[in-house]
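Let the sequences and hints guide you as you build the complete structure.
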Amino acid sequence: MEQSPQNKEEKVEKPEEEKTKPGNGYIKMKLFPFIMLLFAFVFVTALVTTIVMSLGDDKQVKVSIPERKEFTKLYDVYDEISEKYYKDTKSTNMIDGAITGMVNSLDDPYSTFMSKKESAEFNDTISSSFEGIGAEIQEKDGAIVVVSPIKNSPAEKAGLRPQDIITQVDGKSVKGDTATEATKKIRGEKGTDVTLTIQRSNEDKPFDVTITRDEIPIETVYKEMGNDKIAHVTISTFSENTYDELEKALKALEKDGMKGLVIDLRGNPGGLLDQAVSISSLFVPDGKIVVQEQGKDGDKSAIKADSSSHGDYKVKVPTTMLIDGGSASASEILAAAAKESGGIKLVGNKSFGKGTVQTATTLSDDSTLKLTVAKWLTPNSEWIHEKGITPDVVVNMPSYATMTIPSSTKVYKNGDFGDDVKTIETLLKALDYNVGKVDGLYDIDTEYAVQRFQAANNLDVTGIMTGVTTDKLVELTQKHLKETDPQLQKAKALVK
1 MEQSPQNKEE KVEKPEEEKT KPGNGYIKMK LFPFIMLLFA FVFVTALVTT IVMSLGDDKQ
61 VKVSIPERKE FTKLYDVYDE ISEKYYKDTK STNMIDGAIT GMVNSLDDPY STFMSKKESA
121 EFNDTISSSF EGIGAEIQEK DGAIVVVSPI KNSPAEKAGL RPQDIITQVD GKSVKGDTAT
181 EATKKIRGEK GTDVTLTIQR SNEDKPFDVT ITRDEIPIET VYKEMGNDKI AHVTISTFSE
241 NTYDELEKAL KALEKDGMKG LVIDLRGNPG GLLDQAVSIS SLFVPDGKIV VQEQGKDGDK
301 SAIKADSSSH GDYKVKVPTT MLIDGGSASA SEILAAAAKE SGGIKLVGNK SFGKGTVQTA
361 TTLSDDSTLK LTVAKWLTPN SEWIHEKGIT PDVVVNMPSY ATMTIPSSTK VYKNGDFGDD
421 VKTIETLLKA LDYNVGKVDG LYDIDTEYAV QRFQAANNLD VTGIMTGVTT DKLVELTQKH
481 LKETDPQLQK AKALVK
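Sequential numbering from 1 applies to the sequence shown in UniProt numbering.
FYI, nobody ran anything at the bench for these hints, they're computed from the structure.
Idealized CB from N, CA, C, for every residue including glycine.
The reader is advised that the hints may include incorrect statements.
[To be verified] DSSO-like mimics (lysine-lysine), calculated; alpha carbons at most 27 Å apart, straight line: (1) Lys490 <-> Lys229; (2) Lys479 <-> Lys437; (3) Lys116 <-> Lys437; (4) Lys375 <-> Lys300; (5) Lys304 <-> Lys314; (6) Lys422 <-> Lys387; (7) Lys350 <-> Lys300; (8) Lys116 <-> Lys205; (9) Lys429 <-> Lys410.
[Stated by the list, open to error] Pairwise CB distance ranges (calculated): (10) Pro486 <-> Ala455: 22 to 32 Å; (11) Gly101 <-> Val373: 14 to 24 Å; (12) Pro398 <-> Asn227: 19 to 29 Å; (13) Asp107 <-> Asn227: 48 to 58 Å; (14) Asn227 <-> Gly176: 17 to 27 Å; (15) Val373 <-> Ala456: 25 to 35 Å; (16) Asn227 <-> Val373: 44 to 54 Å; (17) Asp445 <-> Pro486: 19 to 29 Å; (18) Glu219 <-> Ala120: 17 to 27 Å; (19) Leu74 <-> Glu240: 16 to 26 Å.
Printed below as a string of structure tokens:
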């Protein structure tokens, strides 16, 4: 049975004050505006949807552009390439390329964007072993420059030196490459070879160096101590466990009667800032400045020595430190703090000169933005960037220490002439063999010196420098250099 209007009206819930008002008109007047408002809302919604759809897909992209006018051009180019380029494009590659371009526009060799794969490789160099040649490189003025080979690495054994310029990798130019791009070309599996073309400042012509890749170990601290009880501790880089390695080594040396200490930072390309600060606290009194950071606003913030987090352990024996042109970044922070806040003498040659601080930010896809965020200043507020630190006592290494090592695959004999022959003569002379005049001519004196060298080392006496004879010459001169190292001898003398 159909209900009457009156019955329908009685089912409507009313506020208490409305129930006192008689008549049906009140409710009818309230429903009408509501229904009209509902129709208007549906109409406007349909109209907006129609307009947006009529603009087309390409316009819909632009509707979502943030209110950042500087990005409009970037979106326009992205759309043009995506729609009109004659080959299929990959959005990830285009976005990564745009980011790389932004970072490269900073003209800062220490700021870089790394893909997910490159980021993983970068983290390997900080936290674990990796396979490669073991050399820190950077891009400088469009060239790939060796900052320093890692101690005991294939790069060091092959004779790479700080400031060497790598012009080619396996015959292909790396001019214009970023350090990350060059690193990808140089790295490879253990046991494989890579040929680098090197331009060295004291050489007239570029030369090739073939290096067999190997596993680069995570060990960063090496210790030795002779009967004089003057310890020689080398820090090759600053990785996650370097402080712990160093403290363990120092405590072992103390137990063995250490009376003096030489910290060797030569060829140390740097690494983690927190490790450099912790290690500096071993030599700098607590509360004294280790390093200062200065941001773009010019404000300085000082990081001070604090040994409390490491059990208040301090080095108490007389100490000196060794630096050279391969000492960079974190090793320079340690050296400057030791000199200016710890009163420790520095010995050797001027350091590399890297005075900026980088942070590595992991992005949403596990790629990494490595960005220079500040300058770092010494405790005395000096900025050593591109200037380096001059040691208190300058001591030069012998000339043969930086000479290009002759290739054992080449044959040198009486009548030959050139720079390689001059190097052979210099190395033989360093081992006290009489080669006559060191002039680059393989004459009868050179041949006789080679014969005596071969006889002394139980080699076939041919008077020809090649193969095992060359390898033995390089081995013995490197051993001789280590035993007579004038920088180390001076550093030891200062602590005795």
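Hint by hint, here is what the structure shows:
1. Restraint check: the Cα-Cα separation between Lys490 and Lys229 comes to about 15 Å, which is no more than 27 Å; the hinted pair holds.
2. Only pairs whose Cα atoms come within 27 Å are accepted, and Lys479 paired with Lys437 is accepted, the gap being roughly 24 Å.
3. A threshold of 27 Å between alpha carbons decides the hint, and for Lys116 with Lys437 the separation of about 56 Å lies outside it, so the pair is violated.
4. For the hint linking Lys375 to Lys300, the alpha-carbon distance of about 9 Å falls within 27 Å, and the restraint holds.
5. Distance restraint check for Lys304 and Lys314: the Cα-Cα separation of roughly 15 Å lies within the 27 Å cut-off, and the hinted pair is therefore satisfied.
6. About 32 Å separates the Cα atoms of Lys422 and Lys387, which puts this hinted pair outside 27 Å; it is violated.
7. A C-alpha spacing of about 26 Å is found between Lys350 and Lys300, which places the hinted pair at or below 27 Å, so the restraint holds.
8. Of the pairs offered as hints, the one joining Lys116 and Lys205 is violated, with about 38 Å between alpha carbons and a cut-off of 27 Å exceeded.
9. Restraint check for Lys429 and Lys410: the C-alpha separation of about 20 Å stays at or below 27 Å, so the hint holds.
10. Separated by about 29 Å at the C-beta atoms, Pro486 and Ala455 satisfy the suggested range of 22 to 32 Å.
11. Under the hint 14 to 24 Å, the C-beta atoms of Gly101 and Val373, about 20 Å apart, fit the expected range.
12. About 25 Å separates the C-beta atoms of Pro398 and Asn227, a value consistent with the hinted range of 19 to 29 Å.
13. Separation of Asp107 from Asn227 is about 53 Å and conforms to the stated range, judged on CB atoms against 48 to 58 Å.
14. At about 53 Å, the beta-carbon gap between Asn227 and Gly176 misses the expected band of 17 to 27 Å.
15. For Val373 paired with Ala456, a C-beta distance near 57 Å fails the hint of 25 to 35 Å.
16. For Asn227 and Val373, the hinted distance range of 44 to 54 Å is satisfied, since their beta carbons lie about 48 Å from each other.
17. For Asp445 paired with Pro486, a C-beta distance near 27 Å keeps the hint of 19 to 29 Å intact.
18. A hinted range of 17 to 27 Å for the beta carbons of Glu219 and Ala120 is consistent with their spacing of about 21 Å.
19. The given range of 16 to 26 Å is broken by Leu74 and Glu240, whose C-beta atoms sit roughly 38 Å from each other.
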